[in-house]
Amino acid sequence: MAATNKANMDEVGMNKGIWVEGRAKKKVLEFLNGLLNSKKLEAVLMPATNRTKDSYSWFLMGKDGLLESADPFPPVMTTQGARAVSYLTKKGRAWKKTAVLLRPCELRATIELAKIRQVELENLVLISFDCPGAYPLEKYFNGDQKKLDEAFDACLSKQAELEGARAVCSICNRFTGRGADIEIGLIGGEAKGFWLIPGSREGEDLLEGVTGSASHKLEAREKAISELRAQREEKRKQTLDSFQETVKGPENLMRVLSSCINCHNCSRVCPICFCRECYFDSKALSSEADAMLQRAQRKNGLRLPPDLLLFHLGRMTHMSISCVSCGACEDACPADVPVSMLFSLAGRNTQAVFEYEPGRSLEEAVPYTVFKFEELKDFEAPYIKEYSKEQ
Amino acid sequence: MQTLIDSRMTMPDFIAALFDKLDLAGVAAMTKLPSGEKAAYTLLTDKDDIEDCVPYFPAMPANAARAVSKFTRQAPPSKQVAVFLRPCELRALTELVKIKQAAVDNLLIIGFDCAGVFPFSKIRLSDELKLKEYREAVAKGKNCEGIRPVCSACTRFVPEGADIAISFIGRNLDEPLVLSFPSEKGKEAAKTLGLDSSSKVEASPAVDSLAEERGGAEKKLTEKIEEALSGTDGLISVFDKCISCHACSHVCPICYCKNCYFESQTFEYFPESYFTRMREKGALRLPVDRVLFHLGRLSHMGLSCVACGMCEDACPVNIPVSQIFKTAGAKAQALFGYIPGKNRDEPLPLLTFSERELEEFED
Amino acid sequence: MADQKTEKIIVAFLCNWCTFTAADLAGTSRLKYAPNIRIVKVMCSSRVDPVFILKPLLDGADGVLIGGCAPGDCHYSKGTFYARRKIALAKTLAGSMGLDPRRIRLSWIPASEGPRFARVVNEFTKQIEALGDNPAKREVYI
Ligand code: SF4
Ligand code: SF4
Ligand code: SF4
Ligand code: SF4
Ligand code: SF4
Ligand code: SF4
Ligand code: FES
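Protein chains in written order, with the working numbering: chain D, 1 to 391; chain X, 1 to 363; chain Z, 1 to 142.
Heads up, some of the hints might be wrong.
Stated by the list, open to error - Okay, the calculated bits of chain X under chain D, using three or more residues with CB under 8 Å as the criterion:
#, segment
1, 58-68
2, 242-252
3, 257-266
4, 283-293
5, 309-316
Stated by the list, open to error - Quick list of simulated restraints, FRET-style, between CB atoms:
#, chain 1, residue 1, chain 2, residue 2, range
6, X, G282, D, T369, 37 to 47 Å
7, X, G282, Z, K41, 31 to 41 Å
8, X, T3, D, C275, 37 to 47 Å
9, Z, D73, D, E122, 51 to 61 Å
10, D, R360, X, L129, 43 to 53 Å
11, X, G146, D, S69, 31 to 41 Å
12, X, L129, D, D64, 54 to 64 Å
13, X, K100, D, D144, 43 to 53 Å
14, X, I99, Z, K32, 40 to 50 Å
15, Z, P101, X, E272, 29 to 39 Å
16, X, G282, D, A291, 25 to 35 Å
17, D, Q297, Z, K41, 50 to 60 Å
For the record, the hints were derived by calculation from the structure and aren't laboratory data.
Predicted model only: the values in this text are computed from it and were never measured.
Heads up, the beta-carbon is just placed ideally off N, CA and C, and yes, glycines get one too.
Assemble the whole structure, with the sequences as input and the hints as a guide.
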């Protein structure tokens, strides 16, 4: 639980990885099984295939229930993992010591949710991995799943770009499980094996007794990661910059949103949008017919149901600062709106103002909840100037 | 059968006449969006903007009953507004009026025969070929390839409860409109529009042939769904991919609740409950109550389901939600001899009873 | 397929004024009835929302019994008539959605009829035993 606690992280050396030879998926399941059998863990929360084996879902599994079809590295994200953690712990801490397998963006969202008390981390052990990305749900459901699975598996250990990954995945610059109690290091393993790397005391404890050879190759992983990160940072910047041009000005933004049906499904699957009753569905926004007629008159027409743009922009003000670019919103959008790109862009810009990185550290407060007396002068200067002119 | 008349007006003329002679405050209809290739249901107040109106455009990005509900729920307009509605939208509106989620005061309801809509992500204004095929299908009274599955199996495609109804199947879309005026309000409008003595037109036989084709399709659809849902195994398989996003209920015109029961605290549990249940079964799938949501939603609104197809269009994982709700809804409706949207004054089945009925369900 | 190995669980929603009292009476008169039922007291049979019935069935209960006053004798006068409609709806939906409607039973049992209560419970338990385990009971994919 203390993984993202900074002090704790420094204490635990970063290069204590245990090299495990063999297929990562199989070995990770063996590792978890071992922990369950030795009672170091009581439960595991992780994805497994559904019954018809054409999709994935979250399962809470005990010693006798670890499904054979459990998969630490699913090729799609059906429910954002942070949501799954929130289902389990929203009303209190996990009853039993539980390991949770998360993608890096799910891990970051989990940490954001812990800050706003929608997740309770106590008794949880967070495990994450080097994520190759995920396929869009639609592509996975309508495509040749066998082929897609194979391509995905191949990318797990090789440092290759996942072809056909979701747009946000292909520009993801936070693709390792750093910050978790245990990190599964796949990059640099060259398909021969992987590292189990403790990120906290807790992680160290669980890894005790796991046999493996020395971790001399960890440097190779670090190197591969920094190369990939540099590439991704560049690609991310370029992609978001050009997307910014695409949505510049209300008209262009409206063009991008023209197929939006105002269903709000993007917010309902978003891990950060936790509100049971969304403000944009509330009575606050309802108005009388005559008022709507007036709006229609002013704007030469009013799209119904109204407030589509307000919803997106408003949602941005609520949560873009914590947006982890996970792509869940876009996957769930029935109208193919590039909504996670839009929010990633908004997030990049709002997060930069506060030098905030969602999910980086549990100790970093959500910018809305703190302030300094001397800050953000750029944003008030025009007002002060105006004001002094008047005087 | 209502008397059909030749209005001698094309659609744009008709809308213009509505503005001019009926002193409308506005018109709501599918309208081209200024940007992009899409159309959306839009409220227009200015006669000069109506050239972008495309009431027939075969897409339903939102069930317009939901739009009308948002428009009128707080307070209906103080001046008359004309709303164009597809038959299933009109039926949904009628159901919403019964539960006080919409008002029809000062609405002039213009319904039209419906040849179906395409899934909304599958049609653009520039898809000329598809739209041409659609027009041909309308003229012949046939199902057009590619429309929503529930549309091709929809047998209630003639508007019920409109003030003005446009007869559309079996006709050419650019020709002057053939109208009927089923309500008092409609008859008055006809007088004002100077249409009360227009020449009569015969009903098109294409309406019957479409009804027949659709009846057959409905039967097939029902059989398919019944087979898929036979037994608990079937139930689990059908909803196996469902991600519990609830998009289906949020776009459903009948599911009006701001705070859905299935998103309420009732269905949030303490961790103990999860761990206990996990221990009983070995593994517990999250989120829980995923299948219950669908059955429960059916119990809440299945009696009013108008089989509009919105839920299925909005489902991100391609579950045939509206085919399921149409099928299960129809059976529940048959139990009470209830047809949603048929009659505004008929009470909802669960709000009424007779003392001697349903005795096979009790002992 | 009859499955005698596991005890069948029947969730019973009993109206406070009649059937719950009847159950009490059956108890105090030492009438024997099957121990399978788990009683939930409700103020009136019409309080039983179809979701109350569907939820235990999906969570693995083998049967759901709803008990209320004799029609016309409802403490709130019309409750039983509304209840009958709701339960008819629940049974019909269950049947359309792949659940077995025979696992749902609605019985009117007045307060004074302890023996009738015992008989209904025994009868229903037998019927449920004949139906076997609810397939949802151990289903992890539901
Ligand atoms: S956004 Fe990044 S962390 Fe999330 S799934 Fe894609 S690659 Fe992985
Ligand atoms: S806005 Fe979209 S990309 Fe951002 S956290 Fe929410 S679901 Fe993920
Ligand atoms: S962006 Fe997509 S998911 Fe979000 S409201 Fe619009 S259509 Fe719905
Ligand atoms: S359940 Fe689906 S088909 Fe039925 S009214 Fe609602 S959206 Fe339309
Ligand atoms: S499922 Fe029930 S509670 Fe939820 S929106 Fe629909 S009618 Fe309302
Ligand atoms: S829209 Fe589809 S995935 Fe979402 S809750 Fe409904 S059926 Fe499930
Ligand atoms: S009070 Fe017993 S059924 Fe209504």
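These are the hints, each one checked on the structure:
Coverage of the segment 58-68 of chain X by chain D holds [criterion: at least 3 residues with CB-CB distance below 8 Å; count 6]. For the segment 242-252 of chain X, the proposed coverage by chain D is satisfied: 7 residues have a C-beta within less than 8 Å of a C-beta in that chain, meeting the threshold of three. Given as covered by chain D, the segment 257-266 of chain X passes the check, having 5 residues with a CB less than 8 Å from a CB of that chain where 3 are the minimum. For the segment 283-293 of chain X, the assignment as covered by chain D holds, since 6 residues bring a beta-carbon within under 8 Å of that chain's beta-carbons and 3 suffice.
Under the rule that three or more residues need a Cβ within less than 8 Å of chain D, the assignment of the segment 309-316 of chain X holds, with 4 such residues. Between G282 (chain X) and T369 (chain D) the CB atoms are about 41 Å apart, so this pair conforms to the stated range of 37 to 47 Å. Roughly 32 Å separates the CB atoms of G282 (chain X) and K41 (chain Z), a value that falls within the hinted 31 to 41 Å. With their beta carbons about 53 Å apart, T3 (chain X) and C275 (chain D) fall outside the hinted range of 37 to 47 Å.
Distance hint for D73 (chain Z) and E122 (chain D): a CB-CB separation of about 53 Å, consistent with the stated range 51 to 61 Å. A hinted range of 43 to 53 Å holds for the C-beta pair R360 (chain D) and L129 (chain X), which are about 51 Å apart. A C-beta distance of roughly 36 Å is found between G146 (chain X) and S69 (chain D), which places it inside the suggested range of 31 to 41 Å. Between L129 (chain X) and D64 (chain D), the C-beta spacing of about 58 Å keeps the proposed range 54 to 64 Å intact.
Here the CB-CB span from K100 (chain X) to D144 (chain D) is close to 50 Å, well matched to the stated 43 to 53 Å. Separated by about 48 Å at the C-beta atoms, I99 (chain X) and K32 (chain Z) satisfy the suggested range of 40 to 50 Å. Checked against the hint of 29 to 39 Å, the C-beta distance between P101 (chain Z) and E272 (chain X) comes to roughly 32 Å, which is consistent with it. Checked against the given bound of 25 to 35 Å, the beta carbons of G282 (chain X) and A291 (chain D), roughly 56 Å apart, lie outside it.
Between Q297 (chain D) and K41 (chain Z) the beta carbons are some 58 Å apart, a value that agrees with the proposed interval 50 to 60 Å.
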